[in-house]
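K.L.:
Between the sequences and the hints, there should be enough to build the whole structure, so can you do that?
Read off the chains here:
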Amino acid sequence: MVKVAVSGINAVDNPGPGLGIIKGLREGKTPVSVVGLAYDAMEPGIYLTDLIERAYLLPYPSEGEVPFLNRLLYIKEREGLEVVIPALDAELPLFIDLEPRLSAYGLRTFLPTQKQFRLRAKDRLSTVAEAIGIKTPETLAVTSYEEFTRALSRLRFPVMVKGLFYRALKAYTEAEARQHFQAIAAEWGYPVIVQEVVEGEEMNVVGVGDGEGGHFGLMAIKKLWITSLGKIWTGVTVTHPGLLTAAENFVKHFRWRGAFELETIVSGDEIYLIEINPRFPAWIYFAVGVGINLPERLLKAALGEEPERDWDYPAGKLYIRFTDDLVTDLEVFQHMVTRGER
Amino acid sequence: MKLNRLAISEEGFIFDPETGNSYTVNETGLLILKKLREGLGPEEIAKAMSEEYEVSREEALRDVQDFLETLARFGLWEEKAWLR
Chain A
1 MVKVAVSGIN AVDNPGPGLG IIKGLREGKT PVSVVGLAYD AMEPGIYLTD
51 LIERAYLLPY PSEGEVPFLN RLLYIKEREG LEVVIPALDA ELPLFIDLEP
101 RLSAYGLRTF LPTQKQFRLR AKDRLSTVAE AIGIKTPETL AVTSYEEFTR
151 ALSRLRFPVM VKGLFYRALK AYTEAEARQH FQAIAAEWGY PVIVQEVVEG
201 EEMNVVGVGD GEGGHFGLMA IKKLWITSLG KIWTGVTVTH PGLLTAAENF
251 VKHFRWRGAF ELETIVSGDE IYLIEINPRF PAWIYFAVGV GINLPERLLK
301 AALGEEPERD WDYPAGKLYI RFTDDLVTDL EVFQHMVTRG ER
Chain B
1 MKLNRLAISE EGFIFDPETG NSYTVNETGL LILKKLREGL GPEEIAKAMS
51 EEYEVSREEA LRDVQDFLET LARFGLWEEK AWLR
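Keeping their order, the protein sequence lines are chains A and B. The opening position of the first sequence corresponds to residue 1 in our numbering, with each subsequent residue numbered one higher. The opening position of the second sequence corresponds to residue 1 in our numbering, with each subsequent residue numbered one higher.
Think of the hints as simulated: they come from the structure by calculation, not from any bench.
Here are the computed lysine to any residue pairs in the SDA-like style, where the Cα-Cα straight-line distance is at most 25 angstroms:
1. K135/A <-> F74/B
2. K2/B <-> E270/A
3. K2/B <-> Y313/A
4. K2/B <-> E202/A
5. K317/A <-> E10/B
6. K2/B <-> E248/A
7. K135/A <-> E18/B
8. K223/A <-> A7/B
A few chain B residues that don't get close to chain A, going by computed Cβ distances all over 12 angstroms:
9. G12
10. V25
11. T28
12. K34
13. G39
14. P42
15. E43
16. K47
17. A48
18. S50
19. F67
Predicted model only: the values in this text are computed from it and were never measured. Every residue gets a Cβ at the ideal spot worked out from N, C-alpha and C, and that includes glycine.
P.N.:
Next comes the structure, spelled out in structure tokens:
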């Protein structure tokens, strides 16, 4: 029985990947006992005792390395934790920095390097796209209002106005773009990214790189239906050869280690890279459902075992997300608030 | 030919495994698609249709051409494809 901790158990309207990862681990051949890592006592995963045996609150990464490491080591001691699978962007830099120390304490991970992690910055997209043989929409990074004005005169509307790591707002007019620029600069600082909108099919690829240029499986999907937050609600597997080749080039060129998701727009024969996520997406269970159990493969890689590498999957498999209800006692919430664990 | 990659069901449900797009066609559309995949040109398909249904060759040919235009609009057909 492998004791594994997973974060991102906030299965809300902008769901974290945790529950999908956990469902994958539970369906794998390696027996697991799962510890859920949460940042808020209300995260739904805490209450799903069939999926998550034990749950702990973590301090926010912004509180610094020491409280974070101490908390992880406390959980390791209490639970006999062997592996951690972090699933949220905001905590990943910390986990990557802590990796050697966690490993020295016997807590294993399988993460990208800090250098790989930085590839996800939106101002690096065109470099990555070029290296793997695809395109990016015309993108400009600006650090002042004046630069922003110049950028707008060079781009065609509509444009996307984005923070370096988070938030993306669509603007159809200059006035709208200026409003978004102010909002994003105030919330996320500079640079602000301005990008032309490319029309086409929204397709994503998920995979796990082995860190040596190969991978433990890939799967591509097309989003069929999204929520107002842009989150997938219905999707279908696709076998777009160009997209899958680009993903293979990505792991090969950057020797990617760990989970990743590439978000793209496919327009005819052209593929445009929109975003790189250095972790599993929230729809990761889709890969499990079509027979490529990437969470389990990542667990094996973390344990130093050799995971499977086959990744044949059928096109035309459908993914349906749905909402659910649960009624439970206040006791669990009480424990999370008073003790930070259950 | 892009048509060759399509998954076509007998009910007229068409799925494109590369783009993830799906379409529905009626009985006539299904017949045209099948004939196109067999390598038949518009004239030959119109002939087959006029034999199958009570319709003149001219009318059938117009229908085939309309259908090909629709396929082209969805990026599933190029004019020169059947000439090769």
